[in-house]
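Colleague: Spelled out, the chains give:
Number of protein chains: 2
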Amino acid sequence: MVQEEIRRRNLGRLLRHVHLGGSVSRAVLAERMGVNRSTVMALTGELTAAGLVHEKMPADTGRAGRPSLVVRPDAARAYVLAFDVAVDWLVAARVGLGGAILDRRQAPRPRAGADLDRVARVLAEFGRRLHDAAPPDSVCVGVGASYCGMIRPGDGMVRYGPELGWVDQAFGAELGHRLGLGLPVSVGNEAHLGAQAEQQRGAGVGFQNLIYLHGDVGVGGGIIVGGKLLNGDGGYGCELGHMLVNPNDGRPCGCGSRGCLEAEVGERALLDAARRPAGLTGRDALRDVVTDADRGEPVARDALRRIGDWLGIGVANLINLFNPGIVIFGGMLRDTYPGMAEPVRARIAANVLPVAKERVRLRTSVLGDDATLVGAAELGFSALMADPLGVLTRAAAPPVTAAGGPERRLRPTPP
Amino acid sequence: MVQEEIRRRNLGRLLRHVHLGGSVSRAVLAERMGVNRSTVMALTGELTAAGLVHEKMPADTGRAGRPSLVVRPDAARAYVLAFDVAVDWLVAARVGLGGAILDRRQAPRPRAGADLDRVARVLAEFGRRLHDAAPPDSVCVGVGASYCGMIRPGDGMVRYGPELGWVDQAFGAELGHRLGLGLPVSVGNEAHLGAQAEQQRGAGVGFQNLIYLHGDVGVGGGIIVGGKLLNGDGGYGCELGHMLVNPNDGRPCGCGSRGCLEAEVGERALLDAARRPAGLTGRDALRDVVTDADRGEPVARDALRRIGDWLGIGVANLINLFNPGIVIFGGMLRDTYPGMAEPVRARIAANVLPVAKERVRLRTSVLGDDATLVGAAELGFSALMADPLGVLTRAAAPPVTAAGGPERRLRPTPP
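For the record, the sequence lines run as chains E and G.
Counted from 1, the first sequence has number 350 at position 350 by my numbering; the numbering is strictly sequential.
Counted from 1, the second sequence has number 261 at position 261 by my numbering; the numbering is strictly sequential.
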């Protein structure tokens, strides 16, 4: 029994290394997992038989002796459905083992009037189409979703989603019900998932202490402490956007307060600073400001500089608190940060204690707008990584009770 | 070999339960450690033979059947030396297994002119006297020290200690050399150690996500995330005192910036707000303000209210970031917080997002001014908890090379 559990855990660990590493030699796997090569061979054999990985000879290594076989994930067999409820878009994707986005659907999301029913209906429709278009011998092993709000980790309940005006909406359960795949939907906060995605596959690979700022209308945060996402008691930590930085004459914030970081550096603050019309919103409007600043237009440059000073205050505070190895700017901050880097660095120089600023790096997101979707996919894959063969077997069998009826069932594996 | 390592780890785990729990029945130990009672009996037998614990019949349990023997730590056999370099005091203590402070020496520390040489000399002298006064069959198993500054975890180097004006001073090595016990000195930041002490033995027992604010001249922080101290990349995290909260017209801060939390809520800010003379400093001066406010004196009450608002901004920001179960006010904040509780709660109500404030508790330190010393003692005990019998055996034998010469050697166990 213990032996069986160790084997299951090792299968999961090996699959995870290959899933994230893409192509890893048996020798490296043995070293990283702290097991001998014959164990790696046995584990790889099982995963190969299940269709989850395959092995091939590496390209010429340039070394003498027999080269170590390279293990790669097989994207065709197991996939997840990943969903992203972002400020401007509803996105769904089929993501294969190894992390490649194999297929996707998306639709613009109106900023107002998107209730749970409508959002879940659109996403479930996308999800079913992606599922129906998947190759017949592939299996959906999990479902993950990213949402721009505070999520209860256990059941995907949206506790507070100010962008869509949601309070206590059972998003995970509703989407799962409508998909009818007999699989639970794991839901995470978009910035939390973005942080994890950047750490696993983006700018933060190798960092154990990482801060990810996700800009859209406001600013969300995902913070990795000692290799793990900072959750806090209820899973509601990392709300760096509501750090009060300007208590004296701050701008009004969506949360009802004034002077929060996201009120000072969010979309509206930058557009106002750049003297854009009051009704203007959206990513294109922000990019126009950046483009104007790049051209040397003084109002736009000054706007980025002033907003950058507020961003710098927030970032300096976070570095003092977390002593991170890297700070990553994602979402719309990926576009605007380069024009704000100078004041941000000036604030770090002025406000971070000497020792904590020695080695911190500042980078823009590598995964870009897909960071949250990639994070959602990883959430979907987590069950498979805990028990590869068990999850694959269960997912390949038709569910006993599927809410959506037989036509929505998982396609059984062909004999 | 693996078996031996499991046994060693279980001895340490059992000792730790008893060390922190004080008096734990065999049945509870078996349950907490997930092992059967015969394993607990065997482990307890070994620790009893080494003199680290003893067993006794519990008081009448009121239940039928044979009661489970109770295991207690034996304070007489193993102790640590704990040191605290605080803003106003130099403290040394002999702390017995189980956590009782058995003996202590302390001296006021002048706020200026305390260089490494002088501080280490005073503390080492205290330490040697405590050591010499220990019963002949007791053994010093470790040394821990708390320092009001940023400490490099590996070697106890003070990287930045603004209160004493230290930069890159080898405090741990120097104190260890002068003590001449042949034991390394583990050094930690005072607020980090205070946080851990409150979590292990104080107001934070049972909390996995905890924020400890330690007030003295400034404000230090210790933050526990998911049961572990937030260290960050270099061990320099938790610097909540330098969170910039008043960028527009902030008070000057010792770090060279303006408007840091500790500048707005530290000793000087409160004394100024209460219109005390400019030269006045120290804990008694702060307590006078509190006493006056308790008597209803309007200037003192207003001072606490105004400073409390700044403290509230800092605390609200921390709750948004960390979603903690508890926030603990220690050091001088233990005295001043009660008079500031109202504005702090008002800020939390106004600035923390709805979900994160649902369950957070605000409490003053239970360990009081000893929190940092208790934390230093736990640091000293950590080696014993990793390998009880090995550390005890090595500590009981005279060191082969002791820097301080034979007269400073550990007293060998009598035959």
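Note that these hints are calculated values from the structure, not bench results.
All values derive from a computational prediction rather than experimental measurement.
Honestly, I wouldn't trust all of these hints.
[Said to hold, decoys possible] Chain G side only, calculated, beta carbon under 7 Å to chain E, not exhaustive: (1) H54; (2) W89; (3) E239; (4) V355.
Here a beta-carbon is modelled for each residue, glycine too, at the ideal position from N, C-alpha and C.
Colleague: Now tell me if each hint is right for this structure.
Modeller: Evaluation of the provided hints:
1. At about 34 Å, the closest approach between the beta carbon of G:H54 and any beta carbon in chain E exceeds 7 Å, and the interface hint on this residue is violated.
2. Interface restraint check: G:W89 against chain E, minimum CB-CB distance 24 Å, threshold 7 Å, status violated.
3. Among the interface hints, the one on G:E239 holds; its C-beta lies about 4 Å from the nearest C-beta in chain E, closer than the 7 Å criterion.
4. Hint status for G:V355 relative to chain E: holds, with the closest Cβ pair at about 4 Å, below 7 Å.
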